[in-house]
Structures are given as structure tokens and as C-alpha cells.
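There are 2 protein chains.
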Amino acid sequence: MFSKRMLCQDLPAYVGKEVCLAGWVQQVRQVGRQLAFWVLRDRSGWAQVVINGELAQNAPPIESVVAITGQAVASRSQQGCELQASAVSVIAAAAELPFELHQEVIRAGDEQTFNHRVLSLRHSRNQAIFRVKAAVLQAFRAYLGAAGFLEVQTPKIVATGTEGGAELFPVQYFERTAYLAQSPQFYKQMLVSAGFERVFEVGPVFRAELYDTSRHTNEFTSLDLELGFIDDEGTLMDLETKLLQDIFTTVREQCSSELELLGATLPQIEYIPRVTLAEAQNILATEYGQASPEGNLDPAGEKSLCQYAEQKWATPLVFVTDYPAAVRPFYTRTQSHTPELTRSFDLLFRGLEITTGGLRIHQHAELVQAMRMRGLDPEAYKFYLQAFTHGAPPHGGLAIGLERLTARMLGLDNVRQATLFPRDRQRLVP
Amino acid sequence: MFSKRMLCQDLPAYVGKEVCLAGWVQQVRQVGRQLAFWVLRDRSGWAQVVINGELAQNAPPIESVVAITGQAVASRSQQGCELQASAVSVIAAAAELPFELHQEVIRAGDEQTFNHRVLSLRHSRNQAIFRVKAAVLQAFRAYLGAAGFLEVQTPKIVATGTEGGAELFPVQYFERTAYLAQSPQFYKQMLVSAGFERVFEVGPVFRAELYDTSRHTNEFTSLDLELGFIDDEGTLMDLETKLLQDIFTTVREQCSSELELLGATLPQIEYIPRVTLAEAQNILATEYGQASPEGNLDPAGEKSLCQYAEQKWATPLVFVTDYPAAVRPFYTRTQSHTPELTRSFDLLFRGLEITTGGLRIHQHAELVQAMRMRGLDPEAYKFYLQAFTHGAPPHGGLAIGLERLTARMLGLDNVRQATLFPRDRQRLVP
Numbered sequence: 001m002f003s004k005r006m007l008c009q010d011l012p013a014y015v016g017k018e019v020c021l022a023g024w025v026q027q028v029r030q031v032g033r034q035l036a037f038w039v040l041r042d043r044s045g046w047a048q049v050v051i052n053g054e055l056a057q058n059a060p061p062i063e064s065v066v067a068i069t070g071q072a073v074a075s076r077s078q079q080g081c082e083l084q085a086s087a088v089s090v091i092a093a094a095a096e097l098p099f100e101l102h103q104e105v106i107r108a109g110d111e112q113t114f115n116h117r118v119l120s121l122r123h124s125r126n127q128a129i130f131r132v133k134a135a136v137l138q139a140f141r142a143y144l145g146a147a148g149f150l151e152v153q154t155p156k157i158v159a160t161g162t163e164g165g166a167e168l169f170p171v172q173y174f175e176r177t178a179y180l181a182q183s184p185q186f187y188k189q190m191l192v193s194a195g196f197e198r199v200f201e202v203g204p205v206f207r208a209e210l211y212d213t214s215r216h217t218n219e220f221t222s223l224d225l226e227l228g229f230i231d232d233e234g235t236l237m238d239l240e241t242k243l244l245q246d247i248f249t250t251v252r253e254q255c256s257s258e259l260e261l262l263g264a265t266l267p268q269i270e271y272i273p274r275v276t277l278a279e280a281q282n283i284l285a286t287e288y289g290q291a292s293p294e295g296n297l298d299p300a301g302e303k304s305l306c307q308y309a310e311q312k313w314a315t316p317l318v319f320v321t322d323y324p325a326a327v328r329p330f331y332t333r334t335q336s337h338t339p340e341l342t343r344s345f346d347l348l349f350r351g352l353e354i355t356t357g358g359l360r361i362h363q364h365a366e367l368v369q370a371m372r373m374r375g376l377d378p379e380a381y382k383f384y385l386q387a388f389t390h391g392a393p394p395h396g397g398l399a400i401g402l403e404r405l406t407a408r409m410l411g412l413d414n415v416r417q418a419t420l421f422p423r424d425r426q427r428l429v430p
Numbered sequence: 431m432f433s434k435r436m437l438c439q440d441l442p443a444y445v446g447k448e449v450c451l452a453g454w455v456q457q458v459r460q461v462g463r464q465l466a467f468w469v470l471r472d473r474s475g476w477a478q479v480v481i482n483g484e485l486a487q488n489a490p491p492i493e494s495v496v497a498i499t500g501q502a503v504a505s506r507s508q509q510g511c512e513l514q515a516s517a518v519s520v521i522a523a524a525a526e527l528p529f530e531l532h533q534e535v536i537r538a539g540d541e542q543t544f545n546h547r548v549l550s551l552r553h554s555r556n557q558a559i560f561r562v563k564a565a566v567l568q569a570f571r572a573y574l575g576a577a578g579f580l581e582v583q584t585p586k587i588v589a590t591g592t593e594g595g596a597e598l599f600p601v602q603y604f605e606r607t608a609y610l611a612q613s614p615q616f617y618k619q620m621l622v623s624a625g626f627e628r629v630f631e632v633g634p635v636f637r638a639e640l641y642d643t644s645r646h647t648n649e650f651t652s653l654d655l656e657l658g659f660i661d662d663e664g665t666l667m668d669l670e671t672k673l674l675q676d677i678f679t680t681v682r683e684q685c686s687s688e689l690e691l692l693g694a695t696l697p698q699i700e701y702i703p704r705v706t707l708a709e710a711q712n713i714l715a716t717e718y719g720q721a722s723p724e725g726n727l728d729p730a731g732e733k734s735l736c737q738y739a740e741q742k743w744a745t746p747l748v749f750v751t752d753y754p755a756a757v758r759p760f761y762t763r764t765q766s767h768t769p770e771l772t773r774s775f776d777l778l779f780r781g782l783e784i785t786t787g788g789l790r791i792h793q794h795a796e797l798v799q800a801m802r803m804r805g806l807d808p809e810a811y812k813f814y815l816q817a818f819t820h821g822a823p824p825h826g827g828l829a830i831g832l833e834r835l836t837a838r839m840l841g842l843d844n845v846r847q848a849t850l851f852p853r854d855r856q857r858l859v860p
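Keeping their order, the protein sequence lines are chains Y and C. With the first letter of the first sequence counted as 1, position 38 gets the number 38 in our numbering; the numbers rise by one all the way through. If you want our numbering, it's the 1-based position in the second sequence plus 430.
In case anyone wonders, no lab produced these hints; they're calculated from the structure. Since we're looking at a predicted model, the values are computed, not measured.
Under 7 Å between C-beta atoms, here's a sample of chain Y residues computed to sit facing chain C:
{"#": "1", "residue": "Glu63"}
{"#": "2", "residue": "Val65"}
{"#": "3", "residue": "Ala92"}
{"#": "4", "residue": "Ala159"}
A few chain C residues that don't get close to chain Y, going by computed Cβ distances all over 10 Å:
{"#": "5", "residue": "Val445"}
{"#": "6", "residue": "Ser516"}
{"#": "7", "residue": "Ala596"}
{"#": "8", "residue": "Thr671"}
{"#": "9", "residue": "Glu690"}
{"#": "10", "residue": "Leu696"}
{"#": "11", "residue": "Glu709"}
{"#": "12", "residue": "Glu717"}
{"#": "13", "residue": "Asn726"}
{"#": "14", "residue": "Gln741"}
{"#": "15", "residue": "Ala744"}
{"#": "16", "residue": "Thr768"}
{"#": "17", "residue": "Glu770"}
{"#": "18", "residue": "Glu783"}
{"#": "19", "residue": "Ala800"}
Think of the CB as a built atom: it goes at the ideal place given N, C-alpha and C, for glycine as much as any other residue.
Please construct the entire structure, taking both the sequences and the accompanying hints into account.
Right, dumping it as C-alpha cells:
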């Protein structure tokens with residue numbers, strides 16, 4: 001039945017010819033007993049279908065799947081063309097919808113739209129979000145591939161967490177307890193040492209965090225990269241700047257209609273300003289009267305700092321550097337003259353942290369010492385420490401939260417909107 | 431220190447110039463107290479380094495990380511060029527190696543090479559395997575992207591399994607028990623119904639299988655695709671044929687030296703023969719005197735059938751079709767005239783099943799009935815069934831095991847060799 005199916009977008013090329021379209025009935029406008037106009041939608045867009053005679057008397061419910069054969073004709077009432085139906089086959093009739101779907105935005109609360117996610121994803125805004133998200137991924141991989149990075153897959157079932165056991169989901173792994181990987185951190189470092197030098201991974205990460213905010217879900221996609229033979233965290237910030245430039249350019253080119261539909265504008269990036277955490281806290285205190293938590297920024301501070309960057313440097317992006325060792329993981333490299341500070345950074349974008357990165361310790365003895373200082377047992381991390389016994393180069397890396405990046409690019413107010421099927425403490429289905 | 435570093439492969443372009451190389455010391459050949467030849471390795475390959483005078487008296491242990499400054503010179507003894515060292519900096523000295531690494535194959539047993547995976551991955555054969563694996567992925571995505579498939583990410587923490595609870599790893603998800611996804615099956619079908627029509631996903635899948643074979647690990651990478659508006663499983667087999675043609679062509683082009691190193695040849699595919707399971711069992715009985723299990727093939731049968739395909743059709747690939755409903759999951763479409771048989775298939779490649787695929791049921795009532803016949807409770811699958819209430823198109827799809835495909839392409843005798851950090855019942859580290 002579908003061997004001759006074509007897409008709505010191709011209809012204009014077939015005016016005067018017999019064609020077959022198949023998709024979802026998005027709208028039915030009944031003009032009389034013998035005439036109706038349907039809007040048929042498929043993955044390429046939509047087409048108007050003119051239904052005459054008896055066929056017009058049996059419109060299927062909205063969102064039913066139909067196949068329509070007919071002639072492509074120049075449209076009388078509007079530019080473009082439409083399908084003059086000669087036969088309609090209802091392939092799957094839809095039950096009544098739980099909410100009005102095809103308004104400019106869906107008329108239902110978050111809970112209901114996520115409960116009926118398959119239905120709400122059919123909305124043009126949601127279709128656009130996930131096309132942009134896929135383009136981000138494609139650009140991320142293309143840029144890194146061209147820069148000599150190898151794509152890798154590391155295990156998601158792990159023996160120990162990267163940060164000492166907090167926020168881990170336990171897995172019953174045969175007779176043992178294992179955990180879901182919070183990040184590929186250890187493994188990407190190990191692969192640098194394994195001679196690949198430059199690796200990246202796109203994969204799920206799992207955080208058993210109790211947060212219930214618009215910025216957190218418990219499973220998300222992490223864009224991770226790690227590279228060896230670097231000795232300056234500036235190299236990482238330069239790399240991320242170029243990477244984001246490239247991603248934004250790709251999305252602008254490939255997804256212009258999606259950006260327009262979503263009313264989103266992507267920044268032109270020349271240079272992303274870099275401020276130390278101390279400077280950032282000072283700006284927040286002086287300019288906004290905001291106090292910051294010890295050694296960190298809070299969400300309100302992240303927002304204000306991005307506002308400041310917009311006004312001062314005309315960019316919605318800002319790197320925050322020189323975080324204290326006390327708030328960074330044990331493997332973070334510290335500054336040689338100021339060992340209480342690290343060679344790590346965060347990247348804020350439109351008020352939200354989207355990246356953490358930095359240089360790592362590459363000497364075995366130093367790592368063991370750093371673990372002991374945190375009260376971690378080196379014995380539990382033997383498989384990781386072993387990677388530093390036979391020659392590991394100086395290295396560093398970063399991770400970008402894909403859903404956060406997508407949400408900030410598109411001005412979505414919740415990362416869940418950039419997640420097909422979000423997972424949080426309340427939600428395990430669909 | 432590394433800002434002027436170049437790669438070994440670029441050395442010939444700098445003959446007569448001062449350069450800096452950095453990498454691992456792979457070999458030290460001491461010619462006298464004042465002269466040594468080192469082989470330095472980086473991600474691009476290797477270079478010979480000539481060490482004169484005092485520098486030659488302090489060779490670091492094999493696999494140490496070093497940076498070497500010197501002059502690129504035309505090689506006296508061999509074609510190409512070498513580095514005449516003027517300064518050597520040992521960045522990370524290596525401890526003694528647990529086995530001889532740089533023989534043609536590593537001289538150690540599987541257990542030891544996997545225990546020291548970071549080290550064994552440095553072997554040129556292992557580097558080559560994972561470059562091929564990355565190229566397979568890249569080709570898979572490029573082909574499907576061009577064919578209108580959207581890349582998606584579906585949750586790995588799920589409420590229920592796709593097959594009724596067997597072989598699931600339980601996860602402690604806050605106050606509840608959840609499971610690790612055995613496959614993105616339900617979600618990719620839901621996304622077809624969500625209007626994306628054509629989706630693919632590259633992601634980890636988790637199977638709590640007790641098998642201890644060269645074909646199984648408990649976590650692997652699944653290449654999944656699903657598409658709507660098809661009504662013939664032949665469409666899926668045609669698609670997979672073209673997809674594999676494209677993957678093999680890409681790998682031949684991008685990884686010719688890796689294939690050579692591994693002694694691997696990829697088949698030219700014109701057409702992949704299709705035999706029904708009944709025919710396959712008959713061939714095995716008649717030609718090889720092998721009995722098959724009811725409604726299936728066993729590993730020995732898969733091997734013999736591929737041998738038969740080689741001899742009869744000069745191809746190492748064969749589709750097996752028409753599996754009985756009794757051995758396929760509940761969502762598999764059955765044949766209208768022979769409802770005890772399904773519209774599903776497996777693909778065998780060089781003696782191993784690398785794909786299962788088929789048409790799926792798209793009608794809600796039919797799905798509910800199929801679940802009840804298997805003793806599954808539709809209530810537990812409500813989130814999945816809901817996707818079939820508001821118009822789901824006829825659809826189907828398939829999944830390819832990435833490690834199995836890579837292993838069969840390269841003639842590796844165990845899927846673990848195509849897995850960076852394998853997970854099985856015994857192995858949770860590294």
C-alpha cells in the first residue's frame with residue numbers, strides 16, 4: 001500500500017499527476033455535506049486535501065492515520081497545491097484526544113502533556129525541538145571527528161562512582177551490587193591513557209539527585225570529550241568556543257525553519273569572556289547585591305552573571321574559572337602556586353551552567369594523595385588508578401549537558417522539554 | 431609545553447626544521463653508551479628518534495610518556511625521516527609492564543589483557559579495531575540521516591521490560607524498583623507514532639543473561655532503527671542491505687590500513703539471500719545432518735547456514751525469515767494467512783546472528799490480545815499501549831549489535847575484543 005507513498009513536501013512537483021499521501025489527519029473543515037478540506041500531516045510537513053462527495057461524509061477523528069490517493073492540483077484558494085482525493089483509507093482511527101493538540105501551544109499542563117508524551121510530541125514545536133537536538137549532536141560529532149577525536153562507548157554499569165558514592169543508582173548485577181555511571185569521567189581519562197589521546201562519547205548518564213527543578217532530570221545525555229597532551233585549561237575553553245561556534249552555525253543552516261517556529265536566535269560567538277569565580281562573586285555582590293555560596297555560584301547568581309555578560313560583553317556565554325579545590329572532584333588539577341584553587345571551569349549560557357571541565361591529575365602518586373585527602377579508599381578505585389601506572393599524558397576534558405544546551409539554545413524554560421521521555425523522581429513512564 | 435607539539439605522521443613535512451613530538455616510548459634500541467634509537471608512538475603512528483650522547487644513557491622504561499625536541503632529518507638507514515633529539519623530557523615514567531605488549535599479538539591470556547585493558551588497548555591491533563568501530567557508527571548515522579531518519583535518545587531506566595520481565599537488571603530508583611532497558615524497542619515504536627516516522631538510536635542495552643559465550647556480553651551497543659508507513663518486511667531487509675553496503679564501503683575507504691593490519695576483508699554485497707526458517711532447517715538437516723531446535727537455529731546451525739550461503743551464493747550474509755510467533759515477542763506482526771508464522775527475520779553474518787527485525791503490530795486491540803495470549807498484563811504496559819490509541823501507522827524496524835557486527839567484519843573470535851570495557855557475569859572492572 002505504501003510503496004507509492006510520497007511526502008507532503010513533494011506534492012508541488014506532481015501537479016496534474018496521481019499521487020498517494022499518508023499521514024495523520026490534523027484538521028477537518030466541513031464545508032457542506034459534499035465538501036470538506038482536511039489537513040494531512042507527515043514528517044515532512046502538511047498538505048491540504050479536498051474531499052468531495054460521499055467521502056466527505058465520513059471524516060475520521062482528528063489524528064487518525066490515513067492513506068489518500070488522488071490528483072495533485074494547483075490550489076484555488078491559496079498558493080501552492082493540494083490533493084484532490086479520489087480514495088481514502090483509514091488505517092488507524094484515533095480515539096478522542098485528551099487535550100487540544102494543534103493550537104500554537106498545547107492547551108494542557110505539563111503533567112498531562114508528559115503523561116501523553118507520544119501525542120504531545122506530534123506538536124510542531126516539539127518536532128522542531130528534537131530536530132534541533134539531533135542537529136546539535138551531528139555537529140558535535142563532526143567537529144570532534146575532524147579534530148582527531150575518536151568516538152567511544154564506555155560502560156554504564158560500573159563498580160564505583162566517580163565522586164565517592166553519592167547520587168548513585170544501585171543496580172542488582174547478578175550476585176553483586178553495581179551502579180549506573182554518573183559520567184564517563186574515569187573511562188574517558190583511561191582511554192586517553194590507552195593511547196587514543198582524544199576521545200568523545202555521547203551517552204546517557206544517571207544521577208540519583210533529589211532536586212526537583214527545571215534544570216535537573218535523573219537521566220540525561222552527556223556530551224563528553226577528553227584529550228591528552230595539553231597543559232592549559234585555556235586550550236579546553238578555546239576548543240569549546242570553536243565547538244559551540246560550529247554547532248550554532250550548523251543549526252542555523254540546517255534548522256532555520258525550526259528556529260523561526262520556536263522564535264529562537266543563536267548567538268554569534270567571537271570570544272567567550274572568562275572570569276574567575278572570585279571576580280564573578282565580586283560582580284554579583286557589587287552589581288546585583290547578591291551573596292554567593294562559599295566557592296560557588298547559585299542559580300540566581302548564574303542568571304545575573306549571564307545578564308552582566310550580555311550588558312558588558314554582548315554575549316550570553318561566560319566561562320567561570322579558578323574554582324576552589326574544595327568544591328571540585330579529587331581528580332581535578334590544582335594550580336601550582338595556589339593549590340587551593342583548581343585549573344577547572346564552568347560555562348554558563350543564558351543563565352544556566354551547561355559545562356564543567358578542566359585539567360586532570362595524571363600522576364599516579366598525586367591521584368592517590370588527592371583521594372586520601374577526600375577520605376576515598378584508593379583500593380576501591382584500583383581499576384582507575386591502574387591507568388596512571390604505565391605512562392598517562394597530561395590531559396583534560398569537559399562535558400556538556402545536551403538537554404541543557406538545547407534548552408538554552410531554544411529558550412525552553414525546562415530541560416524536560418528537550419527530553420523525549422524525562423526521568424525524575426516522580427516520573428518513570430512513559 | 432605542548433603548544434608546539436606535532437604528530438609523528440607530520441614529521442616528513444618538517445625535514446630540516448626544529449620540532450617537538452610527544453607520546454609513548456614504544457621501543458628502545460641501545461647501540462652503544464652514546465647512541466640509541468627509540469620508537470616514539472602517538473595517536474597518528476610512530477617515529478624513529480635518534481638519541482645521542484648523554485641523553486642516550488637514561489632511557490625511560492617502555493611506555494613512558496615523553497616529549498622530545500629536536501630536528502626532523504631524512505633517515506639514513508631507512509626511507510622516510512626521523513627525529514634527531516636535542517632534549518628529552520620524561521613526563522610520566524611507566525612501571526614495569528605486566529606482559530609483552532608490542533609483539534604482533536599481545537603475549538598474555540584474555541583475562542590478563544582485559545585486567546590491564548588500558549595497557550592492552552595501546553596495541554596497534556586494538557587501536558585499529560576501535561577506529562573501525564567508530565567508522566561503522568559514523569556510516570550508520572550518515573546513511574540513516576540521509577534517508578530521513580531522526581536520531582533520538584530514549585530512557586535507559588524503564589518501568590518494565592519489553593519481553594515480560596526476564597533478563598532484566600533491577601535498579602533501585604529512589605523508592606521504587608525500575609529496570610535497565612533491554613532495548614529501545616517500545617520507545618522507538620512510540621516515536622514513530624509520535625510523528626517522527628523514522629527514528630534511529632545508538633545506545634547501550636542491558637541484558638541480564640547468564641550466557642558465558644564469545645557472542646554475549648551483558649551490556650552492549652545497539653544500533654536501532656524503526657520506520658512507519660511500511661507494510662512489507664522486505665522493505666526492512668532491502669534497507670539493511672543498502673545500509674550494510676554503505677557501512678562496508680565507508681570502512682573500506684576510511685580504514686584501509688586498519689583492515690590490512692587486521693587481515694580483514696569486507697564482502698561486496700549485491701543482494702543478501704533470504705531463506706525461510708523452515709528452508710534453513712531443511713538445508714541444515716539435508717546438507718549438514720544437523721537437527722535444529724524447534725522454531726529456531728542454534729549457533730552450530732548459524733555457522734553451517736553461513737557456510738552454505740558462501741558456497742551456494744558466494745556471500746557470508748543470509749536473512750532467515752518466517753520465524754514462528756511462538757519464539758518472537760508479542761509485538762511481532764504475524765502473517766495473515768499463516769498466523770503461526772511472523773513477518774520477522776534475522777540476519778546472519780559469518781556464522782553469527784547480528785540483527786533481529788520485523789514488522790510490528792500497530793493496532794491497539796491486536797496488541798492487547800497478543801499480550802494476553804502471552805500471559806502479560808496490559809495494565810503494566812499502559813504507557814506503551816497508549817501510543818497506539820491515537821493513530822499509529824504500520825511500522826517495523828530492526829536492531830544491529832554493534833560489537834557483533836564489528837567483530838564479524840574484522841574476524842574477531844569474541845565480541846569482547848570489539849568492546850572497550852566488557853561487562854559480563856565475572857567482569858565489572860575495569
